[in-house]
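Those protein sequence lines, which keep their order, are chains A and B.
Counting with our numbering, you get residues 1 to 505 for the letters of the first sequence.
Counting with our numbering, you get residues 1001 to 1505 for the letters of the second sequence.
One should not assume that every hint holds.
To be verified - Taking lysine to any residue and the SDA-like style, the derived pairs with C-alpha atoms no more than 25 Å apart in a straight line are:
hint, chain 1, residue 1, chain 2, residue 2
1, B, Lys1453, B, Arg1477
2, A, Lys249, B, Ala1084
3, B, Lys1030, B, Glu1104
4, A, Lys94, B, Gly1285
5, B, Lys1419, B, Gly1382
6, A, Lys30, B, Lys1429
7, A, Lys419, A, Gln466
8, B, Lys1249, A, Leu27
9, A, Lys100, B, Thr1292
10, B, Lys1410, A, Ile25
Hints listed in this document are in silico derivations from the structure and should not be mistaken for laboratory results.
A quick note: this is a predicted structure, and the numbers were derived from the prediction, not measured.
2 protein chains.
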Amino acid sequence: MKLRISHLDIDASEPIVLLHDDDCIELGVKENDRVRIDGPARSATALVNRSDTLVERGEVKMPDSLIDSLGAACGDEVNVVYSAKPDSVRGIRKKMDGEKLSKEEIRNIVFDIRDGKLAKIEISAWLTSLYINGMDSEEIAYFTQAMVDTGDRVIFDRSPVFDFHSIGGVPGNKVTPIVVSIVAAAGLMLPKTSSRAISSACGTSDFVETFCDVELDANTLKSIAEETGGVLAWGGSMNLAPVDDMVIKVEYPLGINPRAQMIASIMSKKMAISATHLLVDIPTGTGTKVKTIDEAKGYARDFMDIGERLGIHVECAITYADQPVGNAIGPKLEARECIRILEGQKHPSSVVEKSCDLAGIILEMGGIPNGSAEARRILESGAAMKKFREIVAAQGGNYDIKSEDLEPGKHMVEVFSTKAGYVHSVNNKDLVSIARAAGSPSDKGAGILLLRKKGQRVERGDVLFQIYAEVESKAQRARDIAVRLQPLQIEGMLIKKFTSVSVRE
Amino acid sequence: MKLRISHLDIDASEPIVLLHDDDCIELGVKENDRVRIDGPARSATALVNRSDTLVERGEVKMPDSLIDSLGAACGDEVNVVYSAKPDSVRGIRKKMDGEKLSKEEIRNIVFDIRDGKLAKIEISAWLTSLYINGMDSEEIAYFTQAMVDTGDRVIFDRSPVFDFHSIGGVPGNKVTPIVVSIVAAAGLMLPKTSSRAISSACGTSDFVETFCDVELDANTLKSIAEETGGVLAWGGSMNLAPVDDMVIKVEYPLGINPRAQMIASIMSKKMAISATHLLVDIPTGTGTKVKTIDEAKGYARDFMDIGERLGIHVECAITYADQPVGNAIGPKLEARECIRILEGQKHPSSVVEKSCDLAGIILEMGGIPNGSAEARRILESGAAMKKFREIVAAQGGNYDIKSEDLEPGKHMVEVFSTKAGYVHSVNNKDLVSIARAAGSPSDKGAGILLLRKKGQRVERGDVLFQIYAEVESKAQRARDIAVRLQPLQIEGMLIKKFTSVSVRE
Chain A
1 MKLRISHLDI DASEPIVLLH DDDCIELGVK ENDRVRIDGP ARSATALVNR
51 SDTLVERGEV KMPDSLIDSL GAACGDEVNV VYSAKPDSVR GIRKKMDGEK
101 LSKEEIRNIV FDIRDGKLAK IEISAWLTSL YINGMDSEEI AYFTQAMVDT
151 GDRVIFDRSP VFDFHSIGGV PGNKVTPIVV SIVAAAGLML PKTSSRAISS
201 ACGTSDFVET FCDVELDANT LKSIAEETGG VLAWGGSMNL APVDDMVIKV
251 EYPLGINPRA QMIASIMSKK MAISATHLLV DIPTGTGTKV KTIDEAKGYA
301 RDFMDIGERL GIHVECAITY ADQPVGNAIG PKLEARECIR ILEGQKHPSS
351 VVEKSCDLAG IILEMGGIPN GSAEARRILE SGAAMKKFRE IVAAQGGNYD
401 IKSEDLEPGK HMVEVFSTKA GYVHSVNNKD LVSIARAAGS PSDKGAGILL
451 LRKKGQRVER GDVLFQIYAE VESKAQRARD IAVRLQPLQI EGMLIKKFTS
501 VSVRE
Chain B
1001 MKLRISHLDI DASEPIVLLH DDDCIELGVK ENDRVRIDGP ARSATALVNR
1051 SDTLVERGEV KMPDSLIDSL GAACGDEVNV VYSAKPDSVR GIRKKMDGEK
1101 LSKEEIRNIV FDIRDGKLAK IEISAWLTSL YINGMDSEEI AYFTQAMVDT
1151 GDRVIFDRSP VFDFHSIGGV PGNKVTPIVV SIVAAAGLML PKTSSRAISS
1201 ACGTSDFVET FCDVELDANT LKSIAEETGG VLAWGGSMNL APVDDMVIKV
1251 EYPLGINPRA QMIASIMSKK MAISATHLLV DIPTGTGTKV KTIDEAKGYA
1301 RDFMDIGERL GIHVECAITY ADQPVGNAIG PKLEARECIR ILEGQKHPSS
1351 VVEKSCDLAG IILEMGGIPN GSAEARRILE SGAAMKKFRE IVAAQGGNYD
1401 IKSEDLEPGK HMVEVFSTKA GYVHSVNNKD LVSIARAAGS PSDKGAGILL
1451 LRKKGQRVER GDVLFQIYAE VESKAQRARD IAVRLQPLQI EGMLIKKFTS
1501 VSVRE
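Model the full assembly from the supplied sequences, consistent with the hints where possible.
Written out as structure tokens, the structure reads:
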């Protein structure tokens, strides 16, 4: 059927066309069916949206991106015909039915997501099926490989290539620049790519970009890493396993992150950067992604198993995550706390310990004995700070960076304890909500500074934490939320009292 | 945040707004997040689509339907703020996790779908979870009740109200007008609502509308049913359990129809029409929705159990569906075959038998003994045809209707057998594909006339079936598909030969 192209002023994440109801009947297509459009340069498929008012008969409206990809222009006549669903939809159906998928089926799904051939509702059905029915480690390995093949790979002239990854979920986890600096100072190469926050308070890239550029292309990343041994890039600025970013757009509103998708997503980014040795940090605790040690062990087994299938040496560290790492949450606050540790400050000790423990495992993978002690020596000697300065400067930041350069937002409110006792628990999720309400991560100065953590003694009227914001109204809103949520629970030493019960016969 | 409204020329099945990337950052919203828009008349929520080219800063683009519902106009300034996900998303997550939902949770989901508060990806996740994790009969009963409550109910002055429903899947199932006419002629009331084809070759309403009007409002349906005892309406023309139609838009492209959704969908339409007695016909066989007798029994148990919970007396009939009912597939062809039976023709006997058996069960539910024999007597006496004429005339059709009035499309091609033997099997799905390629159901004259059915003797060169079309190119295309698919399998009497195997020790 010949139809005339006109412009549709939306750019959906899936390729759509708008057709008149009567033309749809003639074409034999329904809403969400597909049509193939034969343009002068090439053909493309798109999902059908119907209307009898917004489009005329004989007209096909489409976004400019689609017009361009056809090599056509507004007003051109193009041939439009019904197009069957892609084969990958059958693979999705199979996973819905709980069946194991073949390498080829997984590959089809991944490539069709990348090429925009699957509708959002189909991707949603895929993720929901993965969430419910899962994948075995052979499937996850195929899945990972397919995701790698959708994007670019960075090949280094140096080998081995070390890498590490923290599964998200614990706020204030600012260890990455410290670990990278220690490992690079020891002479190993660790080209670290990180992410920005999706639903958390602050991703590594969100705080690193407060003191240097994180949007590096693959060549820049390669040369900085080969020269300094380290790099702190935003993974999203390269075309590494790009299908992951398309999936996240659907995962995020569903609030799910299927285990198979999560593992394949992480492993594919690491393969794309040619990692030969990988440490996976699995923060475990209530209020994080992984709740129990048993669950964490399950993840660890999967990562190691899949690493073996893909030729990557994987080790895992299960870390404590019942409360934030360190005291600071939010871009500039985290950056300041991180740099203070590099400058030699001993507190918060949780940041020092976690950084040295993780760096230590990587050093040992690289053949350096007594890893953790050696890592601490490198940190305390100032060698890590020197390496950090080199990396920052290579990424366009100031070589003479100091922690005091990073100033939090000028609007600060304090939250007080309404009773005396001990901090019995710290709710990670509540702290994330408060930090986000304050403006984190887009307002760089926004966030939370914890003055009390678990187990500490608190008197009535003590400041529990401070909220920083760049906009006064956000500080107030965050405080209101804090007062409502009470993220720090204060109890007496006696948590629960049992009355003695006498038993009579 | 104050933004200026402008027009977006798409009317998606979910309410969307287009916002500039920078405004999204300021609002703290991501793609697929929600915003609340406060209009002069009322507020509404919509899903966020982002762009940095198609919309300016300070502008919010939205479809006219949304502008109207806010009581606003293009150019107006409205307040736009972040809005949390509706509670029902938590219920969807619970079903993903395989948990049982409460009455309230199910109700929230159903009402939020009706009110357009859930995104398509959320509805897709809901249906996928239902497909995989299912519902028990208590949940399905709540689900049904909630769906009824989203729409109108038809209340009759007569009681009892009989009804029946055939689960889709078997082509050529043209029994509805015959069953309704027999039952109404016996003095019972059966206000039948039917559907149009979604993915099948021809729904009941698709062929009934070739000889009378099926788009009746609730009042017309009520008065025709109370006066004549029968009616043959398109269910979609009334506001009965309207949420079902919104769900179908997502189900259809996924190619799934979760059991719980299917049962609730059928039962809700029947409750909305105040049925007191319901017969469910479950066509069973390869190539239909229900493949085996065991599966059919499972459905039957569910329908009766849920009927009991909802106060509807339900009986079920498991019918043979390994091949089409009768010989005709497609609107006018089915209408012609259906009316011929009412006129007294004895063939195809499968149509006569199925109609009388189903009508017979309904008569017995109404206290009339020997139902099937009585149904056949009513059919053969001409009383059913007389009643059919009354109903057709009441629906604006011709009282003097004759089967010859219905002429199939003038382009006819024949498909021949390439070998001699017996018809071993008839593939329903292939016939549907061929009939749809010929133009059915939108081209009323398009379809298939089977000249041979299962078990019949065929000589090489015999005509197996005829394809009718209104457009010559569609007839040719359908024939090409028929030659490729070979929907009738011809075999010798010996289907498989085993060679004897001698066992040595």
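Each hint tested on the structure:
For the given pair, lysine 1453 of chain B sits about 23 Å from arginine 1477 of chain B by alpha-carbon distance, which is consistent with the 25 Å threshold. The straight-line distance between the Cα atoms of lysine 249 of chain A and alanine 1084 of chain B is roughly 17 Å, inside the 25 Å bound, and the hint therefore holds. At most 25 Å may separate the alpha-carbon atoms for a hinted pair to count; lysine 1030 of chain B and glutamate 1104 of chain B exceed this at roughly 29 Å. Proximity of lysine 94 of chain A to glycine 1285 of chain B is assessed by CA-CA distance (about 21 Å); at most 25 Å being required, the pair is judged to hold.
With a C-alpha separation of about 42 Å, the suggested pair lysine 1419 of chain B and glycine 1382 of chain B falls outside the 25 Å cut-off, and the hint is violated. Taking the CA atoms of lysine 30 of chain A and lysine 1429 of chain B, the gap is about 19 Å. The hint holds against a cut of 25 Å. For a cut-off of 25 Å, the pair hint linking lysine 419 of chain A to glutamine 466 of chain A stands: about 17 Å separates their Cα positions. Proximity of lysine 1249 of chain B to leucine 27 of chain A is assessed by CA-CA distance (about 18 Å); at most 25 Å being required, the pair is judged to hold.
As the CA atoms of lysine 100 of chain A and threonine 1292 of chain B are separated by approximately 24 Å, the hinted pair is consistent with the 25 Å bound. Restraint check: the Cα-Cα separation between lysine 1410 of chain B and isoleucine 25 of chain A comes to about 20 Å, which is no more than 25 Å; the hinted pair holds.
Hint violations for this structure: numbers 3, 5, all remaining hints satisfied.
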